[in-house]
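Asks: Chain by chain, the residues:
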Amino acid sequence: GEDVEQSLFLSVREGDSSVINCTYTDSSSTYLYWYKQEPGAGLQLLTYIFSNMDMKQDQRLTVLLNKKDKHLSLRIADTQTGDSAIYFCAESKIPNTDKLIFGTGTRLQVFP
Amino acid sequence: KAGVTQTPRYLIKTRGQQVTLSCSPISGHRSVSWYQQTPGQGLQFLFEYFSETQRNKGNFPGRFSGRQFSNSRSEMNVSTLELGDSALYLCASSSVDRGGNEQYFGPGTRLTVT
Numbered sequence: 001g002e003d004v005e006q007s008l009f010l011s012v013r014e015g016d017s018s019v020i021n022c023t024y025t026d027s028s029s030t031y032l033y034w035y036k037q038e039p040g041a042g043l044q045l046l047t048y049i050f051s052n053m054d055m056k057q058d059q060r061l062t063v064l065l066n067k068k069d070k071h072l073s074l075r076i077a078d079t080q081t082g083d084s085a086i087y088f089c090a091e092s093k094i095p096n097t098d099k100l101i102f103g104t105g106t107r108l109q110v111f112p
Numbered sequence: 113k114a115g116v117t118q119t120p121r122y123l124i125k126t127r128g129q130q131v132t133l134s135c136s137p138i139s140g141h142r143s144v145s146w147y148q149q150t151p152g153q154g155l156q157f158l159f160e161y162f163s164e165t166q167r168n169k170g171n172f173p174g175r176f177s178g179r180q181f182s183n184s185r186s187e188m189n190v191s192t193l194e195l196g197d198s199a200l201y202l203c204a205s206s207s208v209d210r211g212g213n214e215q216y217f218g219p220g221t222r223l224t225v226t
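Those protein sequence lines, which keep their order, are chains A and B.
At position 88 of the first sequence (counting the first as 1) the number is 88 in our numbering, and the numbers step up by one without a gap.
If you want our numbering, it's the position in the second sequence, counting the first as 1, plus 112.
These aren't lab readings, by the way, just hints derived from the structure by calculation.
Treat the hints with care, since some could be wrong.
[Unchecked claim] Here are the computed distance ranges between Cβ atoms for each label pair:
no. : chain 1 : residue 1 : chain 2 : residue 2 : range
1   : A       : Glu38     : B       : Glu164    : 28 to 34 Å
2   : A       : Gly82     : B       : Gly170    : 31 to 37 Å
3   : A       : Asp58     : B       : Asn183    : 30 to 36 Å
4   : B       : Gln166    : A       : Ala41     : 46 to 52 Å
5   : B       : Arg175    : A       : Asn52     : 36 to 42 Å
6   : B       : Gly170    : A       : Asn66     : 24 to 30 Å
7   : A       : Ser17     : B       : Ala114    : 30 to 36 Å
8   : B       : Pro151    : A       : Phe111    : 46 to 52 Å
9   : A       : Pro112    : B       : Arg175    : 46 to 52 Å
10  : B       : Gln130    : A       : Asn52     : 26 to 32 Å
From the three backbone atoms N, C-alpha and C, an ideal C-beta is built for every residue, glycine too.
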């Protein structure tokens, strides 16, 4: 199947860490992505990981990939109110194409 | 470097009409993909173009079509509009010829069908 699943909501206090989770069904996925969408805007590419990696860190963002469990997570350290948005994970399964299969999105709310 | 641009940003059409949306990729990017975003169905892949050729296509009816020009700019067309076509249409561009890697999205065109 093509389902990529995410929890719908996450609420965290400013300064805490946020962890957004994603599960996918196809072990042949090549790249896995995290995008951020703010109200009324398009999708902003945050980071991505190749399927032969298990971790990638980029400033406040840490991506963990567990291929055995088909589980992807995005950790945001020191979460700020500006991080409030919808976060989408996506997978690219087929070589020689840019087609992405997106998750349902997780709405992150950061409160002071 | 300018990002992906989409025109128009907002559009209101009536059922039965047709619409054309435009996407200009980041300079140097040759791959353009289109997605439809709705509250009910989420983000769904429409089609992808590379060097003026459709490389992949999603599960949408034939009313949805697209094309890419020699300068990599792309258009998508929806004919005989239905109420359910109301959505945010997003375009993305990529520089990697073989697929995968980084894709950058435009701000989208919000289409409302009445």
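Asks: Compare the structure with each hint and give your call.
Replies: Hint check:
1. Glu38/A to Glu164/B: 28 to 34 Å: 33 Å, holds
2. Gly82/A to Gly170/B: 31 to 37 Å: Cβ of Gly82/A to Cβ of Gly170/B: about 33 Å, so the range 31 to 37 Å holds.
3. Asp58/A to Asn183/B: 30 to 36 Å: 33 Å, holds
4. Gln166/B to Ala41/A: 46 to 52 Å: 27 Å, violated
5. Arg175/B to Asn52/A: 36 to 42 Å: 40 Å, holds
6. Gly170/B to Asn66/A: 24 to 30 Å: 28 Å, holds
7. Ser17/A to Ala114/B: 30 to 36 Å: 34 Å, holds
8. Pro151/B to Phe111/A: 46 to 52 Å: 24 Å, violated
9. Pro112/A to Arg175/B: 46 to 52 Å: Roughly 47 Å apart at Cβ, these two residues keep to the hinted range, so it holds.
10. Gln130/B to Asn52/A: 26 to 32 Å: 45 Å, violated
Hints 4, 8, 10 from the earlier list are contradicted by this structure; the remaining hints agree with it.
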